[in-house]
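*Asks:* What follows is the residue order along each chain.
Protein chains: 2
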Amino acid sequence: MITLPENFPTTPTVKPGEVWLVGAGPGDPRLLTIMAIKAIQTADAIIHDALIDTRVLDLAQKGAKIIYVGKRGGMASSSQPEITATLIELAQAGHAVVRLKGGDPFVFGRGGEEAEELAKAGIGFRIIPGITAGLAGPAMMGIPATTRKTNHAVILATGHRVKDDQDGENWRALARTGQPIILYMAMKRLEEIMLALADGGLDQNTPVAIISSATMKDEKVLRTTLKQAIHDVKQNAMPSPAIVVVGAIAAIKIDMLVKMSDLP
Amino acid sequence: MITLPENFPTTPTVKPGEVWLVGAGPGDPRLLTIMAIKAIQTADAIIHDALIDTRVLDLAQKGAKIIYVGKRGGMASSSQPEITATLIELAQAGHAVVRLKGGDPFVFGRGGEEAEELAKAGIGFRIIPGITAGLAGPAMMGIPATTRKTNHAVILATGHRVKDDQDGENWRALARTGQPIILYMAMKRLEEIMLALADGGLDQNTPVAIISSATMKDEKVLRTTLKQAIHDVKQNAMPSPAIVVVGAIAAIKIDMLVKMSDLP
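Top line first, the protein sequences correspond to chains A and B. In this text, residue positions in the first sequence follow our numbering: the first is 13, and each later residue adds one. In this text, residue positions in the second sequence follow our numbering: the first is 13, and each later residue adds one.
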């Protein structure tokens with residue numbers, strides 16, 4: 013139980029007919045925001061992805077519809093138009109709907125697309141940002157996204173292919189900034205991406221850190237280099253979800269008192 | 013009051029002699045995480061920056077030392093070595109210390125540097141990530157950091173000058189990626205940065221959105237372009253803290269049900 017002082021602002025509740033796009037953060041339920049918890053507790057329909065911890069879903073009220081629409085590589089999943097249609101249907105039927113996404117809905121989470129469709133359909137919605145795994149995952153393993161010694165910018169990028177003819181040049185342009193790149197959903201195409209980054213001028217010894225299951229019990233980190241990454245991933249299974257950090261920050265090792273994954 | 017189910021993981025408390033580097037999120041107290049709230053509630057010394065809402069500080073227990081070490085442009089403030097020395101002294105004196113920072117301690121927050129100094133001094137510390145204002149600020153004004161139509165990457169950059177001789181080329185390299193750039197602490201040097209980005213090839217009509225006091229009561233947004241930004245900022249006061257979004261995403265206007273700043 014969390015007791016809040018009297019002057020703490022009132023947290024709104026999800027109303028029938030509304031859809032809230034809620035970020036569940038990087039994994040550990042303790043990294044949920046107050047707004048996210050209140051949303052989950054007051055919704056009567058929750059549409060969620062694969063990356064949501066059961067202890068987060070257990071915040072839902074009794075009798076709430078819990079609908080899984082996960083999209084994990086290889087497994088059957090709902091298409092984006094199906095998900096949007098479900099959100100609209102539920103809201104129009106008078107449900108108080110939460111669309112729960114790992115990380116932040118607006119950072120490689122298709123929250124923007126879903127919000128635009130909801131707006132078109134005349135459904136009232138809100139965005140509740142969450143902590144994105146690309147920043148928190150490395151942080152909890154002692155890797156800061158920025159330090160004054162290493163970088164003045166940090167790039168968040170998706171590993172998904174965009175347009176075939178631009179793909180290589182896109183990666184090369186990112187490499188040429190010399191700034192660290194944090195990759196989401198990049199494990200499937202890791203070899204191709206590492207090669208394109210090297211092709212863009214990144215040194216083969218550029219530090220790389222791969223964080224699997226950030227902030228969760230089975231969290232692990234692999235420290236490697238641009239040259240060795242593919243070899244090392246073959247030797248060490250790094251199951252998704254994984255975040256890949258490429259650049260000077262990936263070599264930083266701040267010794268933490270205790271990691272999130274060490275906590276009960 | 014927030015009631016959590018029995019299977020919700022126990023939240024640790026700050027122990028005497030420890031320092032926790034805690035992210036307070038973009039501004040609104042409801043965007044604090046459970047971990048952050050518990051940290052603030054169990055610390056007996058809180059060292060904080062300028063950007064922390066009083067309602068966040070009011071979470072502290074009675075009698076806790078509240079020490080302000082803000083660094084706002086022009087105003088007297090503690091130097092970074094002074095801040096680190098204070099953290100170490102307080103921890104060594106047996107205090108349960110929270111170092112509270114706006115946004116995320118590891119995203120342009122010098123959390124990495126402070127953590128390294130704490131580690132050197134043998135002080136046990138933790139990192140509690142927060143939602144960074146560069147992502148949540150635009151989100152709450154209807155601007156997603158990424159959409160599949162507009163970008164496969166997003167760049168977070170600080171407006172602070174790095175090394176004089178590299179500064180222009182750094183900005184030009186970021187511009188050449190064609191990806192949106194989200195700027196922190198860029199208002200003082202806005203003209204110089206806009207010119208360098210144009211010099212790097214960004215079209216003069218590239219959309220720009222400036223968000224002042226993200227998620228707070230006095231939040232406002234200015235929509236402009238690379239060419240018009242300086243002129244428009246002169247016509248419309250955009251007090252810091254401000255986030256500047258440059259790129260296709262800055263033109264997106266998702267109509268929100270209600271903004272964080274509209275809430276009580």
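Take these hints with a grain of salt, some might be off.
Note: identical chains are not told apart, hence a pair may lie in one copy or across any two.
Stated by the list, open to error - Straight-line Cα separation of at most 30 Å, DSSO-like style, residue types lysine-lysine; simulated pairs:
#1 K239 / K175
#2 K161 / K232
#3 K77 / K175
#4 K175 / K161
#5 K239 / K200
#6 K200 / K132
No lab work stands behind these hints, which were simulated from the structure alone.
*Asks:* Run every hint past the structure and note whether it holds.
*Replies:* Now the hints, each set against the structure:
no., hint, verdict
1, K239 / K175, "both (25 Å within a copy, 29 Å between copies)"
2, K161 / K232, "within (26 Å within a copy, 33 Å between copies)"
3, K77 / K175, "neither (37 Å within a copy, 55 Å between copies)"
4, K175 / K161, "between (35 Å within a copy, 11 Å between copies)"
5, K239 / K200, "within (17 Å within a copy, 40 Å between copies)"
6, K200 / K132, "neither (34 Å within a copy, 38 Å between copies)"
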